[in-house]
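Chemist: Below, each chain spelled out in residue letters.
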Amino acid sequence: MGKDKAERKRIKAEKLEAKLQKKHQKLENAGKFKLWRNHRPFWGATLSVLAGLLILYIPIQLYAIAFVPGSFAFVGFLFGGLVLILGVLAYLYPQFSTVLGVIIMFLSILSIMGALGGFLFGTIFGIVGGALCIAWKEQEIPHLPDQSKESKESNHLIDHSEVASTKSTT
Amino acid sequence: MKNLAARGVNLVETKMSVGFTVKKKFVAALICGLIVLGAMVGVFGMTGTALALPLGGMGDFYVQFDKLEGKGFEMLPQIGETGNSDASPMVRNKIEEATVYNLLIYKDLKLPDGKWIRVNIKGTQPTEIHGLIQDARYIEANLQFSNLGIHEKNTDDYTKNWSQSAEKVTITNAKIVTDYLFQTMVKLQGAKISIESIDKPETIN
Chain D
1 MGKDKAERKR
11 IKAEKLEAKL
21 QKKHQKLENA
31 GKFKLWRNHR
41 PFWGATLSVL
51 AGLLILYIPI
61 QLYAIAFVPG
71 SFAFVGFLFG
81 GLVLILGVLA
91 YLYPQFSTVL
101 GVIIMFLSIL
111 SIMGALGGFL
121 FGTIFGIVGG
131 ALCIAWKEQE
141 IPHLPDQSKE
151 SKESNHLIDH
161 SEVASTKSTT
Chain A
171 MKNLAARGVN
181 LVETKMSVGF
191 TVKKKFVAAL
201 ICGLIVLGAM
211 VGVFGMTGTA
221 LALPLGGMGD
231 FYVQFDKLEG
241 KGFEMLPQIG
251 ETGNSDASPM
261 VRNKIEEATV
271 YNLLIYKDLK
281 LPDGKWIRVN
291 IKGTQPTEIH
301 GLIQDARYIE
311 ANLQFSNLGI
321 HEKNTDDYTK
331 NWSQSAEKVT
341 ITNAKIVTDY
351 LFQTMVKLQG
361 AKISIESIDK
371 PETIN
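Chains as they are written, first to last, in the working numbering: chain D, 1 to 170; chain A, 171 to 375.
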């Protein structure tokens with residue numbers, strides 16, 4: 001039983017590594033934006049920013065009464081603004097993505113009070129965005145440069161130099 | 171030797187970081203979020219409570235009730251948008267706590283085929299409201315105040331020019347043409363929503 005578990009774990013780890021290697025190979029020829037995106041929870045942060053804007057829509061429409069004492073529309077402003085800021089922070093500080101994701105989800109759900117959760121779309125986007133931020137991970141993988149290419153290049157170099165050295169000795 | 175070194179350097183293992191989403195974590199977080207959302211909506215649904223409910227931006231709608239008992243009443247002048255105009259004179263009623271008996275809110279809507287329908291929201295049990303703000307264009311009702319006071323202020327700001335406040339207010343047999351309604355919290359238990367077809371919309375000018 002224990003061996004089976006270990007075997008399954010090993011296969012999973014191998015699969016994950018293969019997947020990451022594949023992803024990395026794709027990134028080798030990627031542009032600047034794709035590389036920037038790779039180092040942060042891009043989709044989670046983008047959905048969170050969108051959720052923040054949707055949540056803010058209702059309190060902005062109610063700005064006339066938002067600052068009346070006891071008005072919940074003010075709370076809507078606060079929740080929407082915070083979700084928006086946390087979404088932006090997820091771009092800037094990807095190392096805190098888990099904590100930011102949890103807070104984004106929490107505030108998106110609470111935004112039903114005071115902002116009707118951006119007609120519920122803001123809440124749903126916030127939950128999905130927050131979950132994506134929580135689940136995002138950056139992992140270092142050992143990378144061997146493309147060996148087939150490398151070997152061809154290195155063989156080519158050796159041939160050249162060997163020829164050169166034989167020339168000089170003669 | 172140099173070539174060997176060069177070959178050696180080429181084969182040195184480098185570490186690169188790759189960002190990815192852990193599916194298991196994502197599904198777990200998503201399910202947790204949806205459960206919390208469901209619980210919150212469920213609690214509000216069971217108690218018939220809605221928080222920060224705005225109704226506005228759709229023109230005139232009608233509010234009718236048999237009796238309203240309110241505490242902390244205030245009436246202010248207001249200019250607001252209606253279905254026919256960008257700025258119409260109105261009054262803004264604010265009531266801190268109110269209990270409304272036999273509340274009926276209705277709105278007449280024109281369908282694309284030219285026919286008219288009326289959407290009715292009826293509270294079969296007393297409706298409890300906290301933090302009511304209402305902009306009314308027309309009020310037809312019997313009003314009873316306790317400790318009524320009228321305050322005037324010499325200012326150009328029309329919203330502060332005068333105000334009327336009362337400790338308690340009782341309104342009976344009311345029909346109010348409303349253009350904006352906001353409640354911090356409303357408990358509309360036993361609500362019935364119905365739609366009926368009508369020949370033409372109700373108009374009060």
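Since the hints were derived computationally from the structure, they do not count as laboratory data. Please read these numbers as outputs of a predicted model, since none were measured by experiment. Cβ atoms here follow ideal geometry from the backbone N, Cα and C, with glycine treated the same way. Misleading hints may appear alongside valid ones.
Claimed, not checked - Covered stretches of chain D, going by a simulated chain A footprint (3 or more residues, C-beta under 8 Å):
| hint | segment |
| --- | --- |
| 1 | 12 to 24 |
| 2 | 109 to 123 |
| 3 | 128 to 141 |
Chemist: All hints, please: hold or fail.
Modeler: Against the structure, the hints come out as follows:
Residue count for the segment 12 to 24 of chain D with a Cβ under 8 Å from a Cβ of chain A: 4. That meets the three needed, and the coverage hint holds. Note: the segment 109 to 123 of chain D has 7 residues with beta-carbon separation from chain A under 8 Å; the three-residue rule is met and the coverage holds. Counting residues of the segment 128 to 141 of chain D whose CB falls under 8 Å from any CB of chain A gives 12; the rule of at least 3 is met.
This entry satisfies every hint, going by the numbered hints stated previously.
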